[in-house]
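In case you want the letters, here they are:
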Amino acid sequence: MRWKTTALAATLAAFAFTGSAAADGELNIFNWGDYTSPDLIKKFEEKYNVKVTITDYDSNDTALAKVRAGGHGFDIVVPSANYVPIWVKEGLLLEARPDQMENFKNVDERWVNVPWDEGRHYTVPWQWGLTGIGVNTKVYGGDINTSAIWLDPPKELVGKINVAPEMNDVLFATIKYFGGDWCTQDKELLKKVRDKLVEAKPKWLAMDYSVTEKLPAGDYSAVYYWNGAIMRSRIKNPDIKFGYPKEGFPYFMDSVAILKDAKNVDNAKLFMNFIMEPDNAALISAFAKYANGIKGSKEFMPKEMQDAPELVVPPEFEKAGEFLATCEPDVQQLYTRIWTDLQK
Amino acid sequence: MASAEEIARAADRKDIRDRWLLSAPALIIIFVAAIGPLFVMLAYSFMVKGDYGDVKFGTFSLDGWTSVLFERDIFDDTLGLADAHLTILWRSVRLSFYTTVLTLIFGFPTAYFISTRPPKTREVWVFLVTIPFWTNLLIRTFAMQQVIRNEGLVNTALIQLGILDRPLQIMNTDTAILLGMVYVYLPLMVLPLYASMEKLDFRLIEAGYDLYASRWQVLRRIILPLVKPGVIAGSILVFIPSLGAYVIPRVLGGGKNMMLGNLIELQFGAGRNWPLGAAISITLMALVMVALLFYVRNVSRSEAGHG
Amino acid sequence: MAKRPFDIRAQPGFGFVALLTFFALYLPIAALVAYSFNAADSLSRWDGLSLRWFISAWQNSTVQDASIRSLVLAVWAAALSTVVATMAALATTRTPPYPGLTFKYAFINQPLMVPEIVTAVALLIVFSRIKVWTGYSGLGYLVLAHTAFCIPFAYLPIRARLEGMDLKLEQAAADLYANPWRTFRHVTLPLLRPAIIAGFMLAFVISLDDVVITEFVKSGGQDTLPTYMLGQLRRETTPEINAIATVFLALSVLLVTVFFFVNRRKP
Chain U
1 MRWKTTALAA TLAAFAFTGS AAADGELNIF NWGDYTSPDL IKKFEEKYNV KVTITDYDSN
61 DTALAKVRAG GHGFDIVVPS ANYVPIWVKE GLLLEARPDQ MENFKNVDER WVNVPWDEGR
121 HYTVPWQWGL TGIGVNTKVY GGDINTSAIW LDPPKELVGK INVAPEMNDV LFATIKYFGG
181 DWCTQDKELL KKVRDKLVEA KPKWLAMDYS VTEKLPAGDY SAVYYWNGAI MRSRIKNPDI
241 KFGYPKEGFP YFMDSVAILK DAKNVDNAKL FMNFIMEPDN AALISAFAKY ANGIKGSKEF
301 MPKEMQDAPE LVVPPEFEKA GEFLATCEPD VQQLYTRIWT DLQK
Chain A
1 MASAEEIARA ADRKDIRDRW LLSAPALIII FVAAIGPLFV MLAYSFMVKG DYGDVKFGTF
61 SLDGWTSVLF ERDIFDDTLG LADAHLTILW RSVRLSFYTT VLTLIFGFPT AYFISTRPPK
121 TREVWVFLVT IPFWTNLLIR TFAMQQVIRN EGLVNTALIQ LGILDRPLQI MNTDTAILLG
181 MVYVYLPLMV LPLYASMEKL DFRLIEAGYD LYASRWQVLR RIILPLVKPG VIAGSILVFI
241 PSLGAYVIPR VLGGGKNMML GNLIELQFGA GRNWPLGAAI SITLMALVMV ALLFYVRNVS
301 RSEAGHG
Chain B
1 MAKRPFDIRA QPGFGFVALL TFFALYLPIA ALVAYSFNAA DSLSRWDGLS LRWFISAWQN
61 STVQDASIRS LVLAVWAAAL STVVATMAAL ATTRTPPYPG LTFKYAFINQ PLMVPEIVTA
121 VALLIVFSRI KVWTGYSGLG YLVLAHTAFC IPFAYLPIRA RLEGMDLKLE QAAADLYANP
181 WRTFRHVTLP LLRPAIIAGF MLAFVISLDD VVITEFVKSG GQDTLPTYML GQLRRETTPE
241 INAIATVFLA LSVLLVTVFF FVNRRKP
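First to last, the sequence lines map onto chains U, A and B. If you use UniProt numbering, the first sequence corresponds to residues 1 to 344, in order. If you use UniProt numbering, the second sequence corresponds to residues 1 to 307, in order. If you use UniProt numbering, the third sequence corresponds to residues 1 to 267, in order.
It is worth saying that the hints were derived from the structure and are not from the lab. All C-beta atoms, glycine included, are put in the ideal place defined by N, C-alpha and C. Misleading hints may appear alongside valid ones.
What the hints assert, rightly or not - Derived DSS-like pairs (lysine-lysine); straight-line CA-CA distance at most 27 Å:
#: 1; chain 1: B; residue 1: LYS168; chain 2: U; residue 2: LYS269
#: 2; chain 1: A; residue 1: LYS228; chain 2: B; residue 2: LYS168
#: 3; chain 1: U; residue 1: LYS89; chain 2: A; residue 2: LYS228
Unchecked claim - Coverage of chain A stretches by chain B, computed from C-beta distances (three or more under 8 Å per stretch; other residues unrestricted):
#: 4; region: 81–92
#: 5; region: 113–120
What the hints assert, rightly or not - Examples of chain U residues lying across from chain A (beta carbon under 10 Å, computed):
#: 6; residue: ILE86
#: 7; residue: HIS121
#: 8; residue: ASN145
#: 9; residue: THR146
#: 10; residue: ASN162
#: 11; residue: ASN168
#: 12; residue: ASP208
#: 13; residue: LYS214
#: 14; residue: GLU322
#: 15; residue: THR326
Okay, chain U solo, but in the shape it has when bound:
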């Protein structure tokens, strides 16, 4: 029965495969896929002699479901602004008080008293951005600072538009287009929203994520999409210009939080403090191409990002932007129904 023993040993060996224990400690980060700068992690590991493990998620809801179920083993999570209140309400986050940490002075005042985490008792800014318009100006030369680009598209752009397949971003811009407020329950207005979306959809080519390839290559001539991706497209193809929808556009910010059942709380706090250091925050941005919310990080960023028109919101449009708030569950259900009608 020797082969059985061998097989058993092999099984155990394969299953017992866990990281080396040479480091002083560990840190388990649960973050969006392809969002964590390897250079940042390497620097942190070397500085504090901590072994960092990164695990990806692909949506806020997946991350929430996994952490809520328990037994996950993660220390740090990076939820979006509109999800932070849910995480807090469900009792999943540790009140880590980053506002009392040494490097908190580096956080831009603009990002301190934010609606989802007043005074920053739970979270630290990771990256922020917005959903706006990207247009290939060779194809269309008119005004691009409007949601009409994809809701009432000019004929040059019909059939060449890509819209981000994100329920909240799409509904937000459309509600604003009709002058409504986010989380509105006004049925009359929502009917207009739905009818407009259903009417506009045949004029779109796709609702897809591969903008950084297809916008510069000419597969799409206009997109409603995240600013970082449009900046990358513009770097590849200078004909692409960025527009801020004057009717209203959503900001997003992903923030770093520590989980209540984290096993490595001390290392997680070290990490929070670490990323509020300007040069480290710049590493985050350099990798994922969004702004970060730490003062003084700009000078450490790649040249092409320092004054990018996609990242620096012009003052006349600043008022049009708004953070996606967390809507009441009934409202969310209403919005899901509109979204299903749109995609049926």
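With the hints as your guide, set chains A and B onto chain U.
Showing chains A and B alone in chain U's frame:
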């Protein structure tokens, strides 16, 4: 001579017991990691949805189930058929059916071709069928995209050859979804077909020709009935997974139109309606299961008829 | 025996369709390999030949770990599911109907019927409880989950072959006093071999591709290549992914070649 009968019955009983033992590991694994957890989902489908996903534990509600088929109109509050769900169901069934037929049309000759190669090279051909599938589904879907894009291989070639004067818009259409699904699910058809064709007794075909059967008759009356189990297995393996396809509609279809997989995913994701998601899935499963059992019963009856 | 003017095995057009199918199977793969040598940053532009993406993949330990984890997982899941599926297929074919036969059939095929996301959420709920109780959060959960949904993929081809394989040979062996194990080993198994290979390959491929269930079941640091790629869907896919796929393909071609020659040497 009652004892002989008893012995035979005892042997039968032993045989049945042995058969249960033999299938036990598979049944246990499936129970632990597929069916058991499904009971959790069944329970969830009868609960009140949680505010932010999940359910409110210990509550009871039929909302999940009624909204599979009926919904209150969001604007005038009348109760009507959930036509969005039905539209999505119909699209999924239609595309999956086409996929199954197309994989059969291309897979059958391919499997036949492989099983008529010299025995030593057959396994190499089998590998050749599966090698493209060693690369991940997403990568394969991206590769497919390179082929059918407006500036892709096919369009460029057709324009260069002067067959087309402007690119064919395949990307972001239902055709693209169909092409992608046929491509991705082809081995699921070829391999079961091959497995049942490989043992084809060509003496029967020889006999058929001796009786002046035409080639078509040989195919229709001899080969097809003999490989029927393979056709059934292949069709099941292609049809059912296509119903739940998720990545291909997103990447190749441009994500404008949902299929069932996307609808269910939406309920567990941003839609935050787990009971509805669970109810839709269980409905789907029950439909498929009934169809399948009906099918299997019919097949075994017709086989019994043949003797 | 009269000579016929044609090969009785041939069916008109079948060879052509088969070759066409193989061509279509490999066309996207050829594009994929070609683009792995692309110097440009993106998949949609060709900037000349370069090995930069191979180098970048070589330096990207995240991708390497994920690829290796995918392979290990697929080998385990395919092997386990093929073994138990073969046993189950033997138990559910070539028998007069007995109580529970249809039940077993439905039971074994059940993982096919359920959309992945449902199994995924259900497994998340159950497995995370077990993770909390036992404190074990290794690869075992993924192996178990993958094995379960691979079973029908291995089972169906094996069953399809067994149905219609008659019992005469095995009975003859039994008559010659071979014990059941020897009969199985020397008679049934060789006859089943093509189906077992087909079943294993299917299970292997299915496991390699799985993303949704893995995403929900995985513990910290257990990203597989598909879950890693999922994150890239929203970002930019660079030819680095093609380079990794090309390496995978080269490995599999190597494997097939070895397999072919080993097979040939046998008498």
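Evaluated hints:
1. B:LYS168 x U:LYS269: Judged against 27 Å, a Cα distance of about 72 Å means the pair is violated.
2. A:LYS228 x B:LYS168: 21 Å, holds
3. U:LYS89 x A:LYS228: 57 Å, violated
4. 81–92: Since 0 is below three, the answer is violated.
5. 113–120: Coverage by chain B holds here, the residue count being 4 at a Cβ distance below 8 Å.
6. ILE86: At 5 Å from the nearest chain A Cβ, U:ILE86 passes the 10 Å test, so the hint holds.
7. HIS121: Violated - the Cβ of U:HIS121 stays beyond 10 Å from chain A, reaching only about 20 Å at its closest.
8. ASN145: Hint violated; U:ASN145 Cβ to chain A Cβ min 25 Å, cut 10 Å.
9. THR146: 22 Å, violated
10. ASN162: 8 Å, holds
11. ASN168: OK, holds: U:ASN168 within 10 Å of chain A, min 7 Å.
12. ASP208: 5 Å, holds
13. LYS214: 9 Å, holds
14. GLU322: 19 Å, violated
15. THR326: 8 Å, holds
Hints 1, 3, 4, 7, 8, 9, 14, counting from the list given before, are not met by this structure.
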